[in-house]
Amino acid sequence: MTDTEAAADVPTPGRPQPSGPPASRWSALVARVRRPGTPLGRHLRGLVIGAVIVIALLELVSPFRVSQITTLSYYVVACAGLTLLTGINGQISLGHGALMAVGGYTTALLLPAGLPFLVAILTGAVAAGIVGIIVGAAAAKLHGPYLAGATLALAVGLPGLALAFADTLGGEQGLTVDVPRPPAWFADAHFFLFGSDPSTTQYLAYIGALVAGLVLFLLANLHTSRYGRVWRAVRDDEVAAELAGLRLGRLRVLAFVVSAVCAGLAGGVLALATRLVAPSGFTIVLSLSLIAAVVIGGLGSLTGAVLGSAVIVFLPPLVTGLGARAGLSDVQAAELAPLTYGLVLVLVMIFAADGAAGLVRRLGGRLRRRQGPGTGPPRSGHDAAQESDDAARRTS
Amino acid sequence: MQQFLDLTLSGLSQGAIYAAFALALVLIWRSTRVVNFAQGAMGMFTTYLALLAVDAGWSYWAALLLALGSGLLLGAFIERVVIRPVENGPELNPVIVTLGVFIALQALASLLFGAQYRSFPAPFGLTGLQAGSVNLAITPYGLFTIGAVLVTMIALVALFRFTDLGLRLRASAFNGEVSRLLGVPVGRMLTLGWALAAVVGSLSGLLIAGGELVWPAYMDPLIVYGFVAAVLGGLDSPAGAVIGGVAIGLALSYVSGYAGSEFAGLAALLILVAVLLVRPAGLFGRATVRKV
Amino acid sequence: MTAPERRSERPAPRSTAPPALVVEGLTATYGPVTALREVSIPTEPGRVTAVLGANGAGKTTLLRTISGLVRPQAGQVRLGERDLTGAAPETVAGAGVAHVPEGRGVITELTVEENLRLGSLLGRRRASGRGGPARGWSLDDVLELFPAIAERRRRPADTLSGGERQMLVIGRALLTEPDVLLLDEPSLGLAPRVVTQIFAVLRDLTEQHALTVVLVEQNARSALEVADTGVVLALGRVVAVSEAAELAADQALRHAYLGF
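First to last, the protein sequences are chains W, A and D.
When we follow our numbering, the leftmost residue of the first sequence carries the number 1, and every step to the right adds one.
When we follow our numbering, the leftmost residue of the second sequence carries the number 1, and every step to the right adds one.
When we follow our numbering, the leftmost residue of the third sequence carries the number 1, and every step to the right adds one.
One or more of the hints may lead you astray.
Okay, the calculated bits of chain A under chain W, using three or more residues with CB under 8 angstroms as the criterion [unchecked claim]:
| # | segment |
| --- | --- |
| 1 | 109-120 |
| 2 | 150-161 |
| 3 | 212-224 |
| 4 | 243-251 |
Listed next, the stretches of chain D that the computed footprint assigns to chain A, with coverage defined by at least 3 CB atoms under 8 angstroms from CB atoms of chain A [as the list claims (entries may be wrong)]:
| # | segment |
| --- | --- |
| 5 | 56-65 |
| 6 | 87-93 |
| 7 | 161-167 |
Partial pick of chain A residues on the chain W-facing surface, computed with a CB cut under 10 angstroms [said to hold, decoys possible]:
| # | residue |
| --- | --- |
| 8 | Ala104 |
| 9 | Leu129 |
| 10 | Gly132 |
Calculated from the structure, these hints are not laboratory results.
C-beta atoms are modelled at their ideal positions from N, C-alpha and C, and glycine is treated no differently.
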């Protein structure tokens, strides 16, 4: 990708596709989409291919699988946002479960008021984004373990609000969510295309997939945009980025807000999919699952976020089944999944830190950028040298 | 006034536990620059081992020793096997590794011990002491808690200040390279540091469980409160961790008493954010926080 | 930890011959950069070998490779019969090689006395391993040698001045009962008067106790005054080896590599 193309990308991300651009802009856009190799075109094609696959799946698989796809969709949305924050910008958050709760509760509160569900979900996302501004502003001053601890406190503390305002937020029991029925036009279209009425489960899965697809598309463009590069620069070398005139604090807050909005959207979809929002649905375990997903999938990559989410969603039934067949009780077998991804998390980190220099560099930079003459972003050789030296030093 | 006194007394005994947990975090942070997010899960696991021992007819004290001993081994094992390989990597890697251990241990505990609530015994009474006709909110068990934490701290101070081993441990934590040049087996010292910290973490797990219910996630709030206490004290300062722990214990006790226990977590969050924004190095520490 | 009965033994010269340090053909790399190429240096008990050269010539890497902080790709480090090539730093230290690193040798969070005690701990272990003290340095001997730090023995080591720190780390190294002393830039940042003082002490110690000293210095002039043998490194290679006096007299070499 050349710089001019990247610069041309700037206005696009963060904004929905222009609904009615002037003819000249429209043709320019079409040209960019058609041109092979431009990020926007690649991402659009990915969106279309993904949509075809998802529709095919939703029509062919069992209702259980359909509901799993809905679950996958909100994990994908949340993880895509988290991977932007952790992988691209280098900030860790153990509190995204709490941000999902903000989105979920907002959605659940607005739906009975008669708002269309999309409006409710989007409002939830905005609410999470506002919380994200506050948390992000505090987070921008912190790093590594401090940030992890602070966001962990968020994950533990925020659900307390649901108990404190039990009248509005339903306390321990939580709020039930009225699931929207498929509207007539959707049912008609579905019948016309597939010859059957859509089930509510299918309808929800379509909503989830739509949100996930749009989020992935927008974030993919954001990754390749100037912002993506700037975020990476901040992650890799704060000092150089600051010397280059970047405003680190604002960039960090922005990354946090974008990922908080994603978490809010995910929370909204979760509220619809599970038909319930309650403190027990937004525990630390949820936040940690998200981190597990982005780490297992490969930090900083949207594909990784999708793959990691798939692991988190599809692994549990798989290993639970295996456990049950091995003679464990259902309750016990259900614990095999977190056991597995806890262990996988550790293994990924150990092997990444030792071997896969790519992962190390992607995640890293934060701690081990000590000096080096004229340290700039391309510093792999220097870094690798230092690492092997360090490894040699502690051999006993 | 009576309520304030009661809240202060129960805050002190809770604070002692937070202090022990924070101390465990600080010991590890000081030597390896890792915040051990698995500390809570490790303490939970060893407490379950103690519970099994009690179920099998052991006395509370034998079970306590078992828990502390297994904490020692668990801490050493985790440092050697999973922390050592990532120690020199990027800062986030050990954080994620300890989270992985956290998730895995919690799942393992549910798998082995069951996920249901179990009650954990206390070696001393749980009803308030009488002062004249007034019923105080301090129980014999609460006094035991405070005493146990105090003894542990005195033992640690004695170890670090007055013994050769303590000197080697501190030297390894402060400057590994120079220590190695002076013949100190730094790798072994770091393992031992983790092991000692895990003992203290196990103790806090046991103490908070006494007379209460345990389940695999019962330590989760303690991770946060202990972390807040440690940060309040500066993460680098054992004395700061203890003072921070007591301060958090008191603060949360007042919040719970006057506003409601559901606000405790939020209060901890607010204290943490306030400390980090106003005095990022904590009240006693010299930690470096990134400049923006 | 003070052992008065040992003090009387201090001046007694050691009976057995000290083991000789052999450094041969060392090659070491820092990642893609080769920092040392087949470096051999002559050393001998009771003599000071000065290793000279410009910044980045590989002097510090040479000491770090001898003491085990850097693993060599090729070559050999031996002390007497013991092969120390690629051994861990704590093993090398235990074998009797005391490395005083440049600048950062003081553990500033500990007190002066605790820094010294760390040296004594190793010294005691080495002495008992050999079946009795060889030189029998005690903490008090060291404090006597450097009265400046004696006054501050209970203070945190970060309150010391540069010269006092240098005395502290040299004293601490002596307490480890070393056969070999590796000194990295002991004159760095010190006033000339202090440098003279420290080098004088060093000279005495070397001869009295048959220490093998490898002295890395930027300050070539002072180093050659105290040293017996001089080695000049450039870009990781040995470019000259000879008696210190001869090196100091070789004007062309001095101009090319030593800058005086």
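These are the hints, each one checked on the structure:
no.	hint	result
1	109-120	holds (count 4)
2	150-161	violated (count 0)
3	212-224	holds (count 5)
4	243-251	violated (count 0)
5	56-65	violated (count 0)
6	87-93	holds (count 4)
7	161-167	violated (count 0)
8	Ala104	holds (3 angstroms)
9	Leu129	violated (31 angstroms)
10	Gly132	violated (37 angstroms)
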